Amino acid sequence: MDRLEDALREALRREAPPQGFAERVVARNAVLGKKGTWDVLRGWLAPGPAKWAAAAALAIVLLAGIQHTSELRRRARGEAARDQVLTALRITAVKLEQARAKVEKTVRIEALVPGEAGAQLKPSDSF
Amino acid sequence: MYKYATCLFLVLLPAGAQEIRFPESFEKLAAKAKEAVTVSLDGNMLQLAGNFLSGRSTGEAAAKQLAGDLKGIYVRSFQFEKEGEYTEADVAPVRAQLTSERGWSGVVNITEPAERVEVYVKKDASRVLGMTVLVSEKRELTVVYIDGPIDLKRLGELLPKGLNAAVEKGMAGKQ
Numbered sequence: 039m040d041r042l043e044d045a046l047r048e049a050l051r052r053e054a055p056p057q058g059f060a061e062r063v064v065a066r067n068a069v070l071g072k073k074g075t076w077d078v079l080r081g082w083l084a085p086g087p088a089k090w091a092a093a094a095a096l097a098i099v100l101l102a103g104i105q106h107t108s109e110l111r112r113r114a115r116g117e118a119a120r121d122q123v124l125t126a127l128r129i130t131a132v133k134l135e136q137a138r139a140k141v142e143k144t145v146r147i148e149a150l151v152p153g154e155a156g157a158q159l160k161p162s163d164s165f
Numbered sequence: 203m204y205k206y207a208t209c210l211f212l213v214l215l216p217a218g219a220q221e222i223r224f225p226e227s228f229e230k231l232a233a234k235a236k237e238a239v240t241v242s243l244d245g246n247m248l249q250l251a252g253n254f255l256s257g258r259s260t261g262e263a264a265a266k267q268l269a270g271d272l273k274g275i276y277v278r279s280f281q282f283e284k285e286g287e288y289t290e291a292d293v294a295p296v297r298a299q300l301t302s303e304r305g306w307s308g309v310v311n312i313t314e315p316a317e318r319v320e321v322y323v324k325k326d327a328s329r330v331l332g333m334t335v336l337v338s339e340k341r342e343l344t345v346v347y348i349d350g351p352i353d354l355k356r357l358g359e360l361l362p363k364g365l366n367a368a369v370e371k372g373m374a375g376k377q
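Chains as they are written, first to last, in my numbering: chain A, 39 to 165; chain B, 203 to 377.
No wet-lab data here; the hints were simulated from the structure. Remember, it's a predicted structure, so these values are computed and weren't measured experimentally. For every residue, glycine included, the Cβ atom is placed at its ideal position computed from N, Cα and C. There may be inaccurate statements among the hints.
[Claimed, not checked] Using 25 Å as the maximum straight-line C-alpha spacing, the simulated BS3-like pairs for lysine-lysine come out as follows:
{"#": "1", "chain 1": "B", "residue 1": "Lys340", "chain 2": "A", "residue 2": "Lys133"}
{"#": "2", "chain 1": "B", "residue 1": "Lys325", "chain 2": "B", "residue 2": "Lys236"}
{"#": "3", "chain 1": "A", "residue 1": "Lys133", "chain 2": "B", "residue 2": "Lys273"}
{"#": "4", "chain 1": "B", "residue 1": "Lys230", "chain 2": "B", "residue 2": "Lys340"}
[As the list claims (entries may be wrong)] Not close to chain B: a few residues of chain A, all C-beta gaps over 10 Å, as computed:
{"#": "5", "residue": "Leu50"}
{"#": "6", "residue": "Glu61"}
{"#": "7", "residue": "Trp90"}
{"#": "8", "residue": "Arg115"}
{"#": "9", "residue": "Leu124"}
Based on the provided sequences and hints, a complete structural model is requested.
Here is the structure:
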């Protein structure tokens, strides 16, 4: 009987775990508990009012940004075109004024000395 | 032969395209020039520009009304450091397009030793439908082509006094 008790005591006696056992168990649990990429993605795509609201808000912000950028570009193009129109019309005005002054001068000379200025004018001159 | 070539050019010209074409040599002149102004605005760009022209100031209001009716404004203006940077051959291709066969008539053509000023208009019975101004000086060359119906009275608001009447007088003399 004593021998049996001794054998049992020997078999059931407390024994300290091997070195690093606790760390290995924690590490193993972490590996088993870790979710895959698809699991994470599935979690994100799962319907939920908060997620849809966040997505809608993001879409609105993106659209507003795109529209704002496009409006800025349109404005820049329009302002450049406006400047070009004014430049073109100013150049036209200056050159037409130049033409007017030449015609006036020629007509004045023609009035003073008939035939003198006529030599400078081509048949198309009709001012 | 030249007439046939012109007709072919007109047939091939797509509708709404710029009628007066500037020669390729103008690009080289722009590179050589001390100052170069290049404006090419078709109808769409003029409409866009019209939205940004203020209706308050007199000049901009007149420009806005003018631009609204036009099909295009094209300007090439070059100022050079020294004389002889461009030749008659650079201007000739533009002048060659301003023929009576194509509806153009010269209203001013003044040639002086240092300068040549030409104004051509395209018109129907009552309206000016286009205007081209060519000014060749020793160190400067300017070509302005305005495509579309031009209200000379409105243009007059942008131009120095007296010029409008002179152009109208010139046109009346042609009719």
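A cut-off of 10 Å on Cβ-Cβ distance, and Leu50 of chain A was said to be off the interface with chain B. Does that hold?
holds (93 Å)
Status of the stated non-contact between Leu124 of chain A and chain B (beta carbon gap over 10 Å):
At roughly 6 Å from the nearest Cβ of chain B, Leu124 of chain A sits no farther out than 10 Å, so the non-interface label is violated.
Check whether the Cα positions of Lys325 of chain B and Lys236 of chain B lie no farther apart than 25 Å.
violated (35 Å)
Can we confirm that no CB of chain B comes within 10 Å of the CB of Glu61 of chain A?
holds (71 Å)
Can you confirm whether the C-alpha distance between Lys340 of chain B and Lys133 of chain A stays at or below 25 Å?
holds (15 Å)
Distance rule for Arg115 of chain A, whose beta carbon must clear each one in chain B by more than 10 Å:
Per Cβ check, Arg115 of chain A is inside 10 Å of chain B; nearest 6 Å; violated.
Decide if the proposed pair is consistent with the structure: Lys133 of chain A and Lys273 of chain B, CA atoms, cutoff 25 Å inclusive.
Within the cut-off at roughly 21 Å; holds.
Verify the proposed pairing of Lys230 of chain B with Lys340 of chain B, using a straight-line Cα cut of 25 Å.
With a Cα-Cα distance of about 17 Å, the restraint between Lys230 of chain B and Lys340 of chain B holds, given a limit of 25 Å.
Run the C-beta distances from Trp90 of chain A to all of chain B and say if the shortest one exceeds 10 Å.
holds (39 Å)
Figure legend: structure checked against the earlier numbered hints; hints not met, in rising order: 2, 8, 9.
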